[in-house]
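2 protein chains.
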Amino acid sequence: MARRIGSDGARTREAIREAATRLIAQVGYEALSMRRLAEEVGLGAAALYRYYPNKQAMLFKLLDTHMDELLACWAKSRQGAAPDAELEVFTRFHIRHHWPRIDSLFLSYMELRSLTPENFARIEEKRNRYDRGLARILEEGRRAGLFAEMDARVTARAIIALLNGLTTWYRPDGPISREAIEDIYWNMVARVVGAPQAEENRCLERA
Amino acid sequence: MARRIGSDGARTREAIREAATRLIAQVGYEALSMRRLAEEVGLGAAALYRYYPNKQAMLFKLLDTHMDELLACWAKSRQGAAPDAELEVFTRFHIRHHWPRIDSLFLSYMELRSLTPENFARIEEKRNRYDRGLARILEEGRRAGLFAEMDARVTARAIIALLNGLTTWYRPDGPISREAIEDIYWNMVARVVGAPQAEENRCLERA
DNA sequence: GCTTGAATTGAACGGATGTTCAATTAACCT
DNA sequence: AGGTTAATTGAACATCCGTTCAATTCAAGC
Chain A
1 MARRIGSDGA RTREAIREAA TRLIAQVGYE ALSMRRLAEE VGLGAAALYR YYPNKQAMLF
61 KLLDTHMDEL LACWAKSRQG AAPDAELEVF TRFHIRHHWP RIDSLFLSYM ELRSLTPENF
121 ARIEEKRNRY DRGLARILEE GRRAGLFAEM DARVTARAII ALLNGLTTWY RPDGPISREA
181 IEDIYWNMVA RVVGAPQAEE NRCLERA
Chain B
1 MARRIGSDGA RTREAIREAA TRLIAQVGYE ALSMRRLAEE VGLGAAALYR YYPNKQAMLF
61 KLLDTHMDEL LACWAKSRQG AAPDAELEVF TRFHIRHHWP RIDSLFLSYM ELRSLTPENF
121 ARIEEKRNRY DRGLARILEE GRRAGLFAEM DARVTARAII ALLNGLTTWY RPDGPISREA
181 IEDIYWNMVA RVVGAPQAEE NRCLERA
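So the protein lines, in turn, are chains A and B.
Here our numbering is used: position 173 in the first sequence is 173, and no number is missing along the way.
Here our numbering is used: position 165 in the second sequence is 165, and no number is missing along the way.
Mixed in with the good hints there might be a few duds.
[To be verified] DSBU-like mimics (lysine-lysine), calculated; alpha carbons at most 35 Å apart, straight line:
hint, chain 1, residue 1, chain 2, residue 2
1, A, Lys55, B, Lys61
2, B, Lys126, B, Lys61
3, A, Lys61, B, Lys55
4, A, Lys126, A, Lys55
5, B, Lys126, B, Lys76
6, B, Lys55, A, Lys55
7, B, Lys76, B, Lys61
8, A, Lys55, A, Lys76
9, A, Lys76, A, Lys126
Think of the hints as simulated: they come from the structure by calculation, not from any bench.
Full structure from sequences and hints, please.
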């Protein structure tokens, strides 16, 4: 009927975030009702509005926070090395970063349609920053003669699509370890750009 | 108030199909109401139920028909050639076939969540058939020494994800022609599998 | 121990949703 | 011309939706 024993705003906020991410990934933003979400957390629907002003703001916050984390963590991971090394860093970072956030990754491109135009524009800007970062690596590598000729923007998008394809079939209880998947995908990425070391990188036996 | 002059079931059915595909791709299945869809076609909502028993059946029919067409057209396109040639045929077919059906392609992997479990299983079965067809080409090419070592299933899924990435950024009024995009993507696919002719296939100037 | 604020509730509101159905009109067939 | 069927409608139904709000209980600070 009112405040319940042991209730804590911070813990509730986190529980809502987790449940929302999981359920939206499962059934979709539009299909998820605030009542269903609240039930999952063990709350009444009205309690949700203490943490988010409305449903749309909740979705935006989920995606926006995800993008901020992604950009921040990637900035830390960069090493300023040669383009071919940097591309491997990117590939492994992308998989490793999203591994425990696979639902958020899923949302970040499945639920763009559900954002208002203003919110969409803000997310897309951050997403473009990420894409362009990869494109810059590709362009530098191409100019240095490390990679084949290519349209860097198109190739960058293709590589990200390829990597995100993981979300389609990956299951956490699957037979392939994260390290093995990293190797497999890095192998493919290296080949897409024509990086020479792709030929020597045969780590597939672990699969 | 009742039947309107010039009304024709077949034409209406097609108009509904077209509008539903377009609008679901735009806003999502759950977000699209039957009233909104009917309005787009110039009908009352009740009229839709003459063509589909319910909303879920409509979505299923859209996806199911799309998959049937895809499988049928691909079966016709196959040439029984060597794996490397067959892979090029597949790549170009995939792009060419979906070019005028880009909304349907979008639906066929964005709206899987919106299907009932039974309907999902039926679509997934057809989708798996397509994936396995590609995997078989890869496996044969690998055994023939035409392609690099790889896990054919994983690589097949990655290639399809890479190709479907087109839907993320492709705009029909964009500056790159379909032929040029075909060349770019075939180039990438060839490199992913380590097909030798990838090195000679430099068609990027057209972009 | 009293007060202040944080956390949560049930009930309610207005509107939208998918779907049904009897009624109505146009086209087609003989 | 008349009868049958195809195509469409408006109104209605029950249910669910996001959201608000006054009321209530718990925790923390003085």
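Here is how each hint holds up against the structure:
1. Distance hint between Lys55 (chain A) and Lys61 (chain B) is fulfilled; the C-alpha atoms sit about 31 Å from each other, no more than 35 Å.
2. Using a Cα cut-off of 35 Å, the hinted pair Lys126 (chain B) and Lys61 (chain B) holds, with the two alpha carbons roughly 13 Å apart.
3. Restraint check for Lys61 (chain A) and Lys55 (chain B): the C-alpha separation of about 31 Å stays at or below 35 Å, so the hint holds.
4. A threshold of 35 Å between alpha carbons decides the hint, and for Lys126 (chain A) with Lys55 (chain A) the separation of about 21 Å falls inside it, so the pair holds.
5. A threshold of 35 Å between alpha carbons decides the hint, and for Lys126 (chain B) with Lys76 (chain B) the separation of about 16 Å falls inside it, so the pair holds.
6. Taking the CA atoms of Lys55 (chain B) and Lys55 (chain A), the gap is about 24 Å. The hint holds against a cut of 35 Å.
7. A C-alpha spacing of about 22 Å is found between Lys76 (chain B) and Lys61 (chain B), which places the hinted pair at or below 35 Å, so the restraint holds.
8. With a C-alpha separation of about 32 Å, the suggested pair Lys55 (chain A) and Lys76 (chain A) falls inside the 35 Å cut-off, and the hint holds.
9. A hinted pair counts as satisfied when its Cα atoms are at most 35 Å apart, and Lys76 (chain A) with Lys126 (chain A) qualifies at roughly 16 Å.
When the structure is compared with the earlier hints, no violation turns up for any of them.
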